[in-house]
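Protein chains in written order, with the working numbering: chain B, 69 to 323; chain V, 69 to 323; chain C, 8 to 255; chain H, 3 to 268; chain X, 648 to 861.
Worth flagging that the hints you see were computed from the coordinates, not collected in a lab.
Treat the numbers as computed from the prediction; the structure is a model and nothing was measured.
Careful, some of the hints might be misleading.
Said to hold, decoys possible - Using 20 Å as the maximum straight-line C-alpha spacing, the simulated EDC-like pairs for lysine to aspartate or glutamate come out as follows:
1. V:Lys149 with V:Glu127
2. V:Lys149 with C:Asp137
3. H:Lys159 with C:Asp137
As the list claims (entries may be wrong) - Stretch by stretch, here's where chain X covers chain C in the computed footprint (C-beta under 8 Å, at least three residues):
4. 28-34
5. 37-46
6. 72-85
7. 119-133
8. 145-155
Claimed, not checked - Derived Cβ-Cβ restraints for the label pairs, each shown as a range:
9. C:Arg151 with V:Gly145: 30 to 36 Å
10. V:Arg86 with B:Ala258: 39 to 45 Å
11. X:Gly722 with C:Pro30: 30 to 36 Å
12. X:Arg687 with V:Asp95: 53 to 59 Å
13. C:Asp103 with X:Gly722: 45 to 51 Å
14. V:Thr196 with B:Glu89: 22 to 28 Å
Even for Gly, the Cβ is constructed at its ideal location relative to N, Cα and C.
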Amino acid sequence: MEHSSGHSFVQAEHLVKRFGEHRAIDDVSLSIAKGEVISLIGPSGAGKSTLLRLLNVLETPDSGTLRVGDAAMTFDGTPVKRARVLAIRRHTGMVFQSFNLFPHLSAVQNVALAQMRVLGRSKDEARTRALAQLERVGLAAKADAYPSQCSGGQQQRIGIARALAMDPDLMLFDEPTSGLDPEVGAEILAVMRELAADGTTMVMATHEMEFARHVSHWTCVMVEGAVIERGAPAQVFDAPEHERTRRFLSAVLGR
Amino acid sequence: MEHSSGHSFVQAEHLVKRFGEHRAIDDVSLSIAKGEVISLIGPSGAGKSTLLRLLNVLETPDSGTLRVGDAAMTFDGTPVKRARVLAIRRHTGMVFQSFNLFPHLSAVQNVALAQMRVLGRSKDEARTRALAQLERVGLAAKADAYPSQCSGGQQQRIGIARALAMDPDLMLFDEPTSGLDPEVGAEILAVMRELAADGTTMVMATHEMEFARHVSHWTCVMVEGAVIERGAPAQVFDAPEHERTRRFLSAVLGR
Amino acid sequence: MSSFLPTTPAPLSWLWDWYQWIPTLLPGLGTALLLTLVSVGVGYPLGFGLALLTETRSALARWFAIVVVEVGRGLPILVLLLLVYRGLPSVGILFDAFLSASVALVWSSAAYSAEIIRTGLGAVPRGQFDAAYALSMNRTDMYRLIVLPQALRVSIPPLVNLGITMFHATSLATVITVEEIMHIANLEGSIYFRYMSVFMAAAVIYLAITVPVSLYADRLAKRLGGVMTVRKTVLRRPAGSVPVSAES
Amino acid sequence: GCSGTEEASSTSAPDASCTPAHPDVTTITEGVLTVAQYPYAPFSIYEDGELTGVEGDVMTRIAEMECLTIEVVPGESAAMITSVQNGRADTTLGSWYRTAAREEVVLLSDPVVTSPLSLISTTGADTADEIAAMTIGVGQGLTNAENLAELLGDNLKTYPSGDAAMADFQAGRVDGVIMGLGAAVEQLNLHPVDGASIMPIQADERIPATVDIGQTNFPVNQSNEALVEAINDDIAEIRSSGELAEIAEKYDYPVDATEPGEPNLL
Amino acid sequence: MAEAFLLIAAATGATLLLTVSAALIGIVLGAPLVLLAQSRSAILRGIYTVFVHVVRGVPALVWLFIAFFGLAELGIVLPALASAVLTLGIIAIATMAEIYRGGLAAIRQGQYEAGWALSLGRWSLAKDIIFPQLFRAVSPTTATYIVGLLKDSALASIIGVPEIVYVTGLEVQSLGHGLELFLFAGLIYLALSIPLGVVSRVIHVRLTRRYAVL
Ligand SMILES: Nc1ncnc2c1ncn2[C@@H]1O[C@H](COP(=O)(O)OP(=O)(O)OP(=O)(O)O)[C@@H](O)[C@H]1O
Ligand SMILES: Nc1ncnc2c1ncn2[C@@H]1O[C@H](COP(=O)(O)OP(=O)(O)OP(=O)(O)O)[C@@H](O)[C@H]1O
Ligand SMILES: [Mg+2]
Ligand SMILES: [Mg+2]
């Protein structure tokens, strides 16, 4: 955010992503300091998921620059450098809107796998940590179930535990609470607060304004691929500057 | 609901569904009058999705009885009669938690297909109606996009339009607003009110208590496969009888 | 005694003189194509039926299908042919050569395609069946419009493989005097002792049919796949990717 | 039975003090005569490491005279001549007729025996006119097959082997089978049919092999003149010594067939 | 005839040797080949297409002649068994690559993305995520192909490899009884293929029961 002072941990400038004719991300710049929590709000199809996916280069921007920690990249349509992409992703965890769990692995295996393969943890250690993360999201009982045997909310939490277990410096959450009841939502909120306290930088897309207000330091409002408004949640929610933001937020209250 | 007076449109009695050892649905009975809207709330994994799937026999109950309109069935472990199942489904539309869109068809084709094949509408008529339903959920612009080219919330709305287009007497919504921003959520709310006004019976699982409160005539609280409390939303939310319900709802307010 | 180093009249001459045999072999192409068409056109639908039967609830139907499939793919086509052509007369059924060949090839191709199609059906997410059921589609429509198009993405390459195998396998019909390409090729070879050239000519004729057909099938599969998800290599992600759908 | 192995296997070992009748003969492997063998009784039989049969015995004798060890490369008929053309075998046996078409691609040796085209049928027919009115089966590669095809049109059925043709004769799908005399005797033993007889076909222009009787030979690679000359000398020697007749008798083969006369080409 | 049955049964070894070697070659080398088909480079993809279509399009008999006789003309004289293994092996590579290509289509894009987001290395992504799902997607088709290969190995009889069909042919030559002997040979093939079919069914049913495709 422009608002954040000091050295930024994530720095994105003039990111553009087109799908055919459609500009899904239209010249977005972001600057996030270490340990900050940013929430992205905005109507369906505004480009929130796409922006998150650009931040760990799952989607390659058409143009712009991106820096996460020490790893910086410039995008200009030429093939991206694998090593740089890997360096960015190495710091970064992601919770997908559609979860993308590994269907052939049980919950605990889903969470343990990358720890063993990427962080080089032993099988036992990875399992212990995986169970701890599942416990943290209230899923200890489902540790040995396969994703197809879990309810929607349970799958979502496996996805969260999987990303948490990698101890990322930057967490990207795509609607982390969309399928969760308020009770579990509150647990996840608590987890995110812990993470923030530990200095983890977080960006999350969410439709739950209350959630955004409670958890984030800064809120960005996205509409049609652009960030039209940004500021502290209290400011954005209570005194939106932009007419479009006002209209968007009125729905929450009007509901 | 026991509360509903007069002739019921949906009547479920003593439904039980096990997955292995686990009783996902544990002796649930429901009675819903024509045109009523029922909301199912409760923690993740409580069995809300499973109950909805039992109501159109996508999942076969292990025991119990079910009647929807004129079509009645008794479950006792013997193979179910196809004709009965079809009769039940014929009245029923469903919006899935994971959408289950047809990935090889565009949005408008997704919505038009069953109209042509099941209701025997002509290609033109089906398309016109499909476009009208997409319009209704704010998706006219994405009519020719494939599901993989749509955002999460857009996919969810295609799923809603697909079910609506069949003019069902009974609609089963599995978290219809989970991926939707408040603005679109409000639109869907409006659509559901129109449906209710037209006499469509609805059962929906939701995590959004405000939504449940606004749209439903009755609310059921599910925990561990059982309906532990039921009543008018105002009553359940404001003066829950059950200790567990109180605990569950406190999270909403505490957030 | 020094060792003798053999030379052929013109080494590798078969690489360029095969074309002379094309006119001789071509008359066999019609028969081969007709047999292939029958074995694919009748065999694949039967295979689809068998694939459904092997997953059905009725144990009787399931076992019937499994036996038909296991015998059909386990017995060499040659033996199937001999059974139909030479074995059936002993129980009073006398099929002519073409009909015998058709029966044997159809059986074989149905058995093989059943397994291929079963695999493809298994790759379609359960949610797709759920959605079709919830929309009250009948089974025919569900399979035809929802399930098969998605199953085919997985099944088209092996089904094309199988089609080519059946096309080549029509040459087995030579055993019972059906005059197709390889039958003529063998005959000409035995007269002129120019087997390499003759077989090359046969290969060219086969290629002229199989390459366009399998390229077309590829394109078909890509059309089905392109709109669903764009796959990427395990190695790397090409630029300009399409995001995945949010279905799970 | 059979004991073919995929690697060529040797039969008799030559005497160390052996003097070849033709010292200038060269073969693919020194001291070894590699023979592509198409099993075709009674001409060519390979059993328990021994090459026998009417032609097999002759081949064994030739190897002895040239102080060569026989190595057998077995296979189907299509692989035989190709083996000789490509230097995988020095020569081959299995009742190969001398034909003009073949002479263009391999060296043909002098005739070993004749094998007159014969008809197996239940009617005792033996003229081209009678044949023209029948449905006839032949094994693939039979000489004059193209002439028979002209004579019979669709009524000629070609099988991959004589055995298959005979099986259909038994099943009643064809009225008769045409093959060389030797093979006919062998096949009728294997496929007995009530009232069937074997008749050499009477000379008729329309079937050239009945005018010019088919002569079997041992084809050799075109670049190995020395070998074919040695084979020719050796065959003449075996014939004039009376050995050839003895061999024929041993296999119930007509002794007059061992005097084929001047080499011809079909 | 009893002796003939024994001899035919004894030829099973050669048939199995041919089948197993060709199948292994195809299963192992088909995997790197299919990577070509997935490559970003149009040239590599073109190479894949040409290779697969030409190898699959030409009848195996012709390849066998080229391997056995054609190579000999170039001075590369392979023994009969080696020629047969080479021929069937190369065809198996192309076929398996196509089977893998179909199987990969069953794996959702999200699976790759989750692996990338978790920074899994290529090898781990392939081994831990893609392969198990691919295995499930192709195991019945692969089993079917190996059953076919079992019988295709009979091709080697042309150049005298003493496998089941060659030996059966010899016995028919000397004894007649073509129908009975070939039927017997067929039963051997059936006896070999049924266990394979059963194993593949059992594996597939287990996997399907264990986890559903999401
Ligand atoms: N592969 C694609 N091809 C074409 N258009 C796409 C593709 N992926 C996304 N889009 C479009 O880009 C826009 C932004 O999509 P994105 O998924 O980022 O939205 P979002 O803000 O996450 O919405 P939601 O809240 O519904 O998840 C949408 O209009 C979508 O239709
Ligand atoms: N196929 C299955 N096999 C085993 N257990 C299952 C299966 N499907 C569901 N379950 C279990 O049944 C319980 C109820 O699941 P259900 O999906 O109905 O929950 P839900 O109330 O919809 O939860 P959510 O709010 O998270 O969607 C869960 O504990 C789940 O793990
Ligand atoms: Mg999104
Ligand atoms: Mg649910």
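Subject >> Hint check against the structure, violated hint numbers in rising order >> reply: 3, 4, 5, 8, 10
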